[in-house]
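Asks: These are the residues of each chain, in order.
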Amino acid sequence: MVVDTSLLSSCAKAASAAEARYRIDRPIAPSRAGRVVALDAGAADVLARTAQLEWANARFYVCESAGEDAESVLLRGIDGGPATLADELASASVVVMVATSDAGADCAYALGKACWERGVQTAGLVLGDGTDEGTAAAAAVAALRPHARVLLPKADESDVVELLSALRV
Amino acid sequence: MLRREINELLTQTGPGTPMGELFRQYWFPACLAEELPEDGAPPVRLKLLGERMVAFRDSYGRYGLIDEFCAHRGASLWFGRNEDGGLRCPYHGWKYDTTGQCTEVPSEADNSSFAENVKLTAYPLVKIGDILWTYMGDPAKQPPLPEYEFALVPPEQTYTSKRWQQSNWLQAFEGGIDSSHVTFLHSGGLKSDPLFKGAKGNQYNLNDTKPFFEVADSDGGLFVGARRNAEEGQYYWRITPWVMPNFTMVPPRGDHPIHGHFWVPIDDENCWAYSFDYHPVRALTPEERQAMIDGHGVHSKNIPGTYRPVANMDNDYLMNREKQKSGEWYSGVEGIAIQDSSLQESMGPIVDRTKERLVPADSGIIKARQKLRKAALALRDHGTTPPGVDPKHHHVRSAAVVLPQAEAFLDAAREDVTVRPGMPVSSV
Numbered sequence: 001m002v003v004d005t006s007l008l009s010s011c012a013k014a015a016s017a018a019e020a021r022y023r024i025d026r027p028i029a030p031s032r033a034g035r036v037v038a039l040d041a042g043a044a045d046v047l048a049r050t051a052q053l054e055w056a057n058a059r060f061y062v063c064e065s066a067g068e069d070a071e072s073v074l075l076r077g078i079d080g081g082p083a084t085l086a087d088e089l090a091s092a093s094v095v096v097m098v099a100t101s102d103a104g105a106d107c108a109y110a111l112g113k114a115c116w117e118r119g120v121q122t123a124g125l126v127l128g129d130g131t132d133e134g135t136a137a138a139a140a141v142a143a144l145r146p147h148a149r150v151l152l153p154k155a156d157e158s159d160v161v162e163l164l165s166a167l168r169v
Numbered sequence: 001m002l003r004r005e006i007n008e009l010l011t012q013t014g015p016g017t018p019m020g021e022l023f024r025q026y027w028f029p030a031c032l033a034e035e036l037p038e039d040g041a042p043p044v045r046l047k048l049l050g051e052r053m054v055a056f057r058d059s060y061g062r063y064g065l066i067d068e069f070c071a072h073r074g075a076s077l078w079f080g081r082n083e084d085g086g087l088r089c090p091y092h093g094w095k096y097d098t099t100g101q102c103t104e105v106p107s108e109a110d111n112s113s114f115a116e117n118v119k120l121t122a123y124p125l126v127k128i129g130d131i132l133w134t135y136m137g138d139p140a141k142q143p144p145l146p147e148y149e150f151a152l153v154p155p156e157q158t159y160t161s162k163r164w165q166q167s168n169w170l171q172a173f174e175g176g177i178d179s180s181h182v183t184f185l186h187s188g189g190l191k192s193d194p195l196f197k198g199a200k201g202n203q204y205n206l207n208d209t210k211p212f213f214e215v216a217d218s219d220g221g222l223f224v225g226a227r228r229n230a231e232e233g234q235y236y237w238r239i240t241p242w243v244m245p246n247f248t249m250v251p252p253r254g255d256h257p258i259h260g261h262f263w264v265p266i267d268d269e270n271c272w273a274y275s276f277d278y279h280p281v282r283a284l285t286p287e288e289r290q291a292m293i294d295g296h297g298v299h300s301k302n303i304p305g306t307y308r309p310v311a312n313m314d315n316d317y318l319m320n321r322e323k324q325k326s327g328e329w330y331s332g333v334e335g336i337a338i339q340d341s342s343l344q345e346s347m348g349p350i351v352d353r354t355k356e357r358l359v360p361a362d363s364g365i366i367k368a369r370q371k372l373r374k375a376a377l378a379l380r381d382h383g384t385t386p387p388g389v390d391p392k393h394h395h396v397r398s399a400a401v402v403l404p405q406a407e408a409f410l411d412a413a414r415e416d417v418t419v420r421p422g423m424p425v426s427s428v
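So the sequences go chain by chain: A and B. Under UniProt numbering, read the first sequence as residues 1 to 169, first letter to last. Under UniProt numbering, read the second sequence as residues 1 to 428, first letter to last.
Calculated directly from the structure, the hints in this document are not laboratory data. Worth double-checking, as some hints may not be accurate.
A short, non-exhaustive set of chain A residues, derived as facing chain B with CB atoms under 10 Å [as the list claims (entries may be wrong)]:
(1) A70
(2) L74
(3) S158
Which stretches of chain A does chain B cover? Using the computed rule of at least three CB atoms under 8 Å from a CB of chain B, they are [what the hints assert, rightly or not]:
(4) 116-126
(5) 147-155
Label-pair distances were calculated between CB atoms; the ranges are [unchecked claim]:
(6) B:N207 with A:S72: 52 to 62 Å
(7) A:A29 with B:N229: 31 to 41 Å
(8) B:G383 with A:D79: 50 to 60 Å
(9) A:D106 with B:T418: 52 to 62 Å
In this text the structure is predicted, and so the values were computed from the model without any measurement. The beta carbon of each residue, even a glycine, is placed where N, CA and C say it ideally should be.
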């Protein structure tokens with residue numbers, strides 16, 4: 001095989017530590033407009049604490065009631081202000097759902113469906129031991145599974161912070 | 001995205017670093033058994049976790065892993081003469097046994113006890129399967145020997161190779177739990193590689209390029225489940241186990257041997273990728289073994305006499321734009337192992353994770369980093385033994401299964417991801 005010699009000046013050698021200093025170094029803007037939604041009261045407590053941390057673009061909500069479509073799904077901001085899911089999804093690029101029980105199963109379905117229709121990425125975290133059958137957390141896992149592109153059962157509060165940090169929301 | 005200090009924490013494995021100390025809690029591969037093929041074989045230079053050593057097999061068949069440099073004047077013992085139960089420095093004749101104990105200092109008087117007070121740092125070196133394993137931690141805390149299935153099945157059922165990767169261990173390892181790249185980077189291999197092709201599961205892979213992921217804790221690390229649509233009402237699940245800190249397996253395909261990796265830090269800018277294939281219930285066929293030797297599947301074609309891949313960064317991995325264009329090799333690089341290493345090395349020796357833009361599909365990687373960080377800090381601050389040290393944690397398998405949509409993958413596949421000696425893997 002003939003190697004394309006034009007590559008020699010632009011090849012993987014540029015990945016050396018010495019060459020790394022020539023990489024373009026510009027600040028990275030937050031890449032995700034994240035909406036973080038608690039699906040039940042236990043999750044709302046966790047998000048109330050999480051929201052106190054410093055975030056670039058994230059907004060934190062509790063899902064108050066599900067509905068047939070995004071316009072009728074009511075959210076309440078962690079700071080108390082009302083919002084509709086439709087409005088929030090208009091500017092969102094990722095929705096992270098947090099649950100501790102299956103109390104928010106209807107909300108999970110409504111959020112998952114609305115995100116799917118709009119091409120908004122979803123992730124779900126279930127706090128507690130979501131693999132022990134019969135527990136509230138296990139029910140939450142079952143409720144979230146069809147609607148979250150990524151699901152983390154058996155998560156804890158630090159997982160919420162870790163995921164949101166990694167996503168740069 | 002990781003903060004700079006966390007990136008440094010996870011990527012630095014030298015002595016005294018938190019991750020270095022974490023690695024020093026485990027048995028891990030030091031070299032292949034084939035590198036010391038007989039009693040009295042030439043010694044092998046090794047660098048592991050930033051420490052330079054020589055491995056040798058003395059004339060009585062004992063294995064040793066000791067400081068590379070003679071205590072006298074600092075000459076490399078790679079030049080040593082492996083003779084009569086020890087390794088002798090050819091400079092002035094000082095001799096060491098496999099425990100690092102100096103046994104002879106020829107310039108001293110015959111009745112001198114000087115040699116008794118000279119001892120090089122040494123680590124245990126134990127052969128299990130095709131691998132010589134070492135433990136570089138506190139001897140008082142040495143855990144039981146590893147019990148990974150690939151190393152315990154009969155020799156005719158297993159094959160292990162290794163290759164040098166010019167990147168930090170973490171970015172190599174992260175590829176091992178990143179199921180979503182397979183559909184793209186390795187799409188050509190799913191159709192043509194002799195150790196991958198022909199499985200029904202490949203079609204599910206190729207038909208559904210947007211898998212859903214579930215990341216679940218295990219006793220020793222994680223299970224990462226990737227689910228794709230299968231027949232009506234069913235999902236095809238590919239389940240990847242990770243045992244902390246650096247063991248991963250690839251979900252199987254059909255009746256092909258099952259494979260996986262160990263990712264071992266050499267220093268902060270280089271690592272060894274150990275790649276294994278085994279079949280729990282039958283011998284590898286001559287064709288399968290030859291395919292592995294030839295660098296198919298997860299193995300690599302190495303420069304003869306070395307563990308450096310033929311396709312490497314000095315020759316642009318023999319990039320072939322025609323094959324890239326035709327899709328035969330999606331990235332234009334041949335072979336699954338080098339497809340991975342080429343991209344991981346292209347990130348730089350230690351990728352700057354403050355600049356990355358992760359997506360929810362990267363949750364396995366996010367969770368693994370978190371677990372590594374927590375374990376390293378718990379060890380440093382509280383002396384907590386990390387997950388994966390207990391040999392029971394090694395009894396895992398990857399699996400590829402079709403399950404009803406309502407089933408939770410770990411509930412339904414608990415047995416499938418557990419080693420059951422003499423039982424086949426669960427594969428589609």
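Asks: Tell me if chain B covers the segment 147-155 of chain A under the three-residue, 8 Å CB rule, please?
Replies: holds (count 7)
Asks: Can A:L74 be said to touch chain B, with a Cβ gap under 10 Å?
Replies: Since chain B brings no Cβ nearer than about 25 Å to A:L74, farther than 10 Å, the hint is violated.
Asks: How does the Cβ-Cβ distance of A:D106 and B:T418 compare with 52 to 62 Å: does it lie in that range?
Replies: This hint is violated: roughly 36 Å between Cβ atoms.
Asks: Is 31 to 41 Å respected by the C-beta to C-beta distance linking A:A29 and B:N229?
Replies: With Cβ atoms ~35 Å apart, the hint holds.
Asks: Does the closest beta carbon of chain B sit nearer than 10 Å to the beta carbon of A:S158?
Replies: Nearest chain B Cβ about 7 Å off; hint holds.
Asks: Between B:G383 and A:D79, does the beta-carbon spacing fit 50 to 60 Å?
Replies: violated, 42 Å
Asks: With a C-beta cutoff of 8 Å, work out whether three or more residues of the segment 116-126 of chain A approach chain B closely enough for the coverage to hold.
Replies: It holds: at least three residues are needed, and the segment 116-126 of chain A offers 3 whose Cβ sits within less than 8 Å of chain B.
Asks: Using Cβ atoms only, decide whether A:A70 comes closer than 10 Å to chain B, and label the hint accordingly.
Replies: violated, 20 Å
Asks: Starting from the range 52 to 62 Å, see whether the pair B:N207 and A:S72 falls in it by beta-carbon distance.
Replies: About 35 Å separates the Cβ atoms of B:N207 and A:S72, which means 52 to 62 Å is violated.
Hint compliance for this structure: hints 1, 2, 6, 8, 9 are broken, all remaining hints hold.
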